[in-house]
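Asker: The sequence shown begins at 1 in my numbering and counts up by one.
Careful, some of the hints might be misleading.
Simulated pairs of lysine to any residue, SDA-like, Cα-Cα distance not exceeding 20 Å [as the list claims (entries may be wrong)]: (1) K286 / Q219; (2) K888 / N58; (3) K395 / Q320; (4) K353 / S483; (5) K888 / K117; (6) K633 / G608; (7) K685 / G638; (8) K847 / E729; (9) K229 / Q219; (10) K847 / Y865; (11) K117 / E563; (12) K891 / K685.
The calculated label-pair distances, taken between Cβ atoms and stated as ranges, are [stated by the list, open to error]: (13) N278 / D52: 24 to 34 Å; (14) S368 / F21: 49 to 59 Å; (15) N156 / N278: 35 to 45 Å; (16) S368 / Q114: 20 to 30 Å; (17) Q285 / E563: 31 to 41 Å; (18) N863 / K891: 11 to 21 Å; (19) D235 / L539: 53 to 63 Å; (20) L539 / K14: 31 to 41 Å; (21) N314 / D235: 58 to 68 Å; (22) S294 / N605: 53 to 63 Å.
Simulated from the structure, these hints should not be mistaken for lab results.
Idealized CB from N, CA, C, for every residue including glycine.
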Amino acid sequence: MNTVFTQVKNALGKPYDDLHFLLHCLKEVLEENNQHKLVGLLPWLNSTIPSDPDLTSNEYIHMMSMCFQLLNLVEVNGAVQSRRHKENEDMAQVNGLWANQFRYLTSKGITQSQILKVLPNVLVEPVLTAHPTEAKRTVVLQEYRKLYLLLVKRENQMYTRVEQADIRQEIKHILHRLWHVGEIYIEKPRLASELDNILHYLTHVFPGVIMILDKRLRQAWKESGFDPKVLNNSDLLPVLSFGNWVGGDRDGHPLVTPEITRQTLEKLRIHAFYIIKNELKNLAQKLSIYHNISNVSKNFAARIKELRTEVGINAEVEFQEHAQEIFKAYVLVLIQKIPIDLSREFNLELENKPNSYQSSIDLIADLSLLYNELEKCGIGEVAHVDVERMKRILKIFGFHLAKLDIRQNSAYHDKALKQLVAASLGAQAAAQIEYSQDARRAFLDQELKINRPFLVQHKSLELEGQNVIGALQVVSDHVQRYSTKAFGKLIVSMTRNTEDLLTVYLFMREVGLIVKKNDQLGAVLPVVPLFETIEDLKLSPAILDDYLNHPIVKNSLQMQSWENPDGELIQDVMVGYSDSNKDGGILASAWFLHEAQKQLTETGNKHGVKIRFFHGTGGSISRGAGPSHWFIKSLPHGSINGKFRVTEQGETIERKYANLVNAAYNLELMVSSVTAQTVLHENTKDRCEEVENLFRGLGDRGRHYYRQLILDPDFITFFSQATPIDVIESSKIGSRPARRTGKRSMEDLRAIPWVFSWSQSRFNITSWYGVGSTLNELKNKNQAAYKNLLQFVEYDPFVRYVMTNMDSSLASTDVRIMEKYASLVEEVQIRDRIMEMIKKELDLTRKMVGNVLKRPINERRMNHYYSTMLRAEALDNLHDAQVELLQKWRKAKKANSKEEDHYLFALLQCVNAIANALGATG
């Protein structure tokens, strides 16, 4: 066994015993598949590599990818076991969870009543997306989920030697399947398969997680010395909700048609009913309590009589068959009122059962009646636990399962508006609104005073117009038939001005989503800006101020406020972490996002509107990733007001939510942190202005140095040849194109493949470049400010979060690997010059970040340090393979060789394997 593995195992213990076990299982699987040459190449088991190995073979790359995935599984399980051990000693030991947050709040003098004031108004909404950052096929993810459960099962000491041998054999069966199943997409995944993957989490993971979260909150509450009876009422618990972009996000995604959106809404609704039916059946079983109808209250008896009339013969059957189990019969009859027949194939057009529930609110009302009746009969514990569980499920998932966002780019809307105006008012009117922003605003202001569509039918419109109106028509039809609950937001990507937002109101007017109330026009769904670039973030407070001043926006917020606590006016604002980073680098992105959120919060306060931020983060540090509790703690004072929305993308979903225990942990981190920070923000003062003044300068200078690199005339040449960006653009890891419009330019390249390509080649410039020069300049020109920075990093959450994230990225940045990829740059002068700039900045950044953080990473974050070291050793061969394959593939492409596809397939496997090793893609 090699030295690095032994070193890591000695430092961190059991997870690496599990890895050793799994690798031996894989070794046997390889031998049983006659892959004897590969056995000698298994990482961490062999101290030497056989001579002349074929490191570019599909089989070797596939094996390495599996090994890294096994490492990921054992480390996740190790983290779970570590948390359990800590909680067994003291529940408050695990940083960021409920008990830990309550202890922290009480240490700050916060009381139970102050926490209770905030708790029921907390609303946290993870939004699942299919952004192309998950390289593995869904079928492969399913097998690894099963493997993880077997790994956990193996922990149980109750199993006999024979049973343990059977578990080992099951593990090998899965490894056999994984060996033969292709890991990567050969063709781009269909939207339907992406939605099925999202539905797995929504139907098989999250409903079970909700109850775990509620139990853990109550346990932590009690252990913190608070009154446990208070939380018997589920109305006082924080609310979770789930959002979804698959089937609704059409920004640069031509395959998301109006019909796809309609099918998505249908699938979500149907799956919600499956959950509800199964939960009600389970509840009925738990209510097999002997209790006759003659012993119930007048109110309950009256409702039973109504149900007999509403449901008819099926109700009579249930009440007669379970005459002595009236509560069970009651719930079985409620199942009959589910709007669709789940026993046969159907679509929502067949949803016409008479007297069925019109909304989840009606079903909750019937369950509340049952709850009260059980309490009157002295069966309160069953009511508190089992009926409350059902009510909680309904409050979170409703009849819609997850809220679907509709997103489109402002430039696409421009084309659609021009087409709509030209078709109705003529080409001259269309030309006039293009003439200037003022002309467009005047036109919009005038039109939004009246509620009439431009056209009766829209078939004459060109593609953009038909797509925009068609999608919103689907939304309108669903709202008219059911309610607005199935929808989240109408999001405008690349919001540049107020007119970009007001344009959406015209589109809504076209399909009946603008209504008149008290002689005022307003929209039934919220329109949300997405500020992405640095310039747009700078302009965002002025844009929002103008937007909130507009009459139709004020009216819309009033109309939408009926769902909010105490009728609060709430405006969502989405901020993008990806494009701001691509635009200005890590320091600029971190600062300008922070400043924008602070100023946007103040703008909302000025208008009496709460701003709910929607954080468009990704799976990598460059795109806002990081531990949830540290991320939330770093947000500006006042910007956390109990409301928190965040995107969960690609491989992040699998990493955080693949199993119940880990899903519960990650959601608890999110909800408890939002609660704690809201309480703190309401009861403490803002941080000192010195931090913000310092970082304002750091953000500007960081952007300056970063853009010196990316605006260099030779940079694009270096980037396109020294990274596998061309492979990533050819990959099939998501249904969405890598570029918004297909142009080959930096501006059109999506942030995900931009970050992905730099991480694959281990440059990681998106998460550190420019930092060294910025900090060095500060130290040399402003000693006092530099000393302040050294102090701030000790206690300020924002400063520490930014610096620690950069440190993590630097740990996985490797000059040796960078130079291998740089060798692919054909022009030596360009290669040497750009590479010299990057290496010089990397050395300076390592030095300056080390000085600021003082202690080395192996002391501060031991698990991260050793895991990175173990992965780095095994990654060397994969990087060698990828560089060799890139050379051959690019040469074959130029020559139009038949071998091009062969090399591309191997490269795509290599990209997937390295992504598994690094734990992130884009």
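Asker: Are the hints correct? Go through all of them and say.
Answerer: A quick look at each hint next to the structure:
1. A threshold of 20 Å between alpha carbons decides the hint, and for K286 with Q219 the separation of about 23 Å lies outside it, so the pair is violated.
2. Between K888 and N58 the alpha-carbon distance is near 15 Å, which keeps this suggested pair within the 20 Å criterion.
3. At most 20 Å may separate the alpha-carbon atoms for a hinted pair to count; K395 and Q320 exceed this at roughly 31 Å.
4. A distance of roughly 18 Å separates the Cα atoms of K353 and S483; the hinted pair therefore holds under the 20 Å criterion.
5. For the hint pairing K888 with K117, the CA-to-CA distance comes to about 64 Å; that exceeds 20 Å, so the pair is violated.
6. The straight-line distance between the Cα atoms of K633 and G608 is roughly 25 Å, outside the 20 Å bound, and the hint therefore fails.
7. The hinted pair formed by K685 and G638 meets the criterion: a straight-line CA distance of about 10 Å does not exceed 20 Å.
8. Distance restraint check for K847 and E729: the Cα-Cα separation of roughly 35 Å exceeds the 20 Å cut-off, and the hinted pair is therefore not satisfied.
9. A hinted pair counts as satisfied when its Cα atoms are at most 20 Å apart, and K229 with Q219 qualifies at roughly 12 Å.
10. Proposed proximity of K847 and Y865 is supported: the alpha carbons are some 17 Å apart, at most 20 Å.
11. A hinted pair counts as satisfied when its Cα atoms are at most 20 Å apart, and K117 with E563 qualifies at roughly 18 Å.
12. With a C-alpha separation of about 61 Å, the suggested pair K891 and K685 falls outside the 20 Å cut-off, and the hint is violated.
13. For the pair N278 and D52, the beta carbons lie near 57 Å from each other, so the given range of 24 to 34 Å is not met.
14. In this structure the supplied range 49 to 59 Å holds for S368 paired with F21, their Cβ-Cβ distance being about 51 Å.
15. Between N156 and N278 the beta carbons are some 27 Å apart, a value that contradicts the proposed interval 35 to 45 Å.
16. Between S368 and Q114 the beta carbons are some 28 Å apart, a value that agrees with the proposed interval 20 to 30 Å.
17. For the hinted restraint 31 to 41 Å between Q285 and E563, the CB-CB distance of approximately 33 Å keeps it satisfied.
18. Range check, N863 to K891: Cβ separation about 42 Å, and the 11 to 21 Å hint is violated.
19. Here the CB-CB span from D235 to L539 is close to 41 Å, at odds with the stated 53 to 63 Å.
20. Look at L539 against K14: about 52 Å separates their beta carbons, and that is not inside 31 to 41 Å.
21. Taken as a hint, the range 58 to 68 Å is violated for the pair N314 and D235, whose Cβ atoms sit roughly 32 Å apart.
22. For the pair S294 and N605, the beta carbons lie near 58 Å from each other, so the given range of 53 to 63 Å is met.
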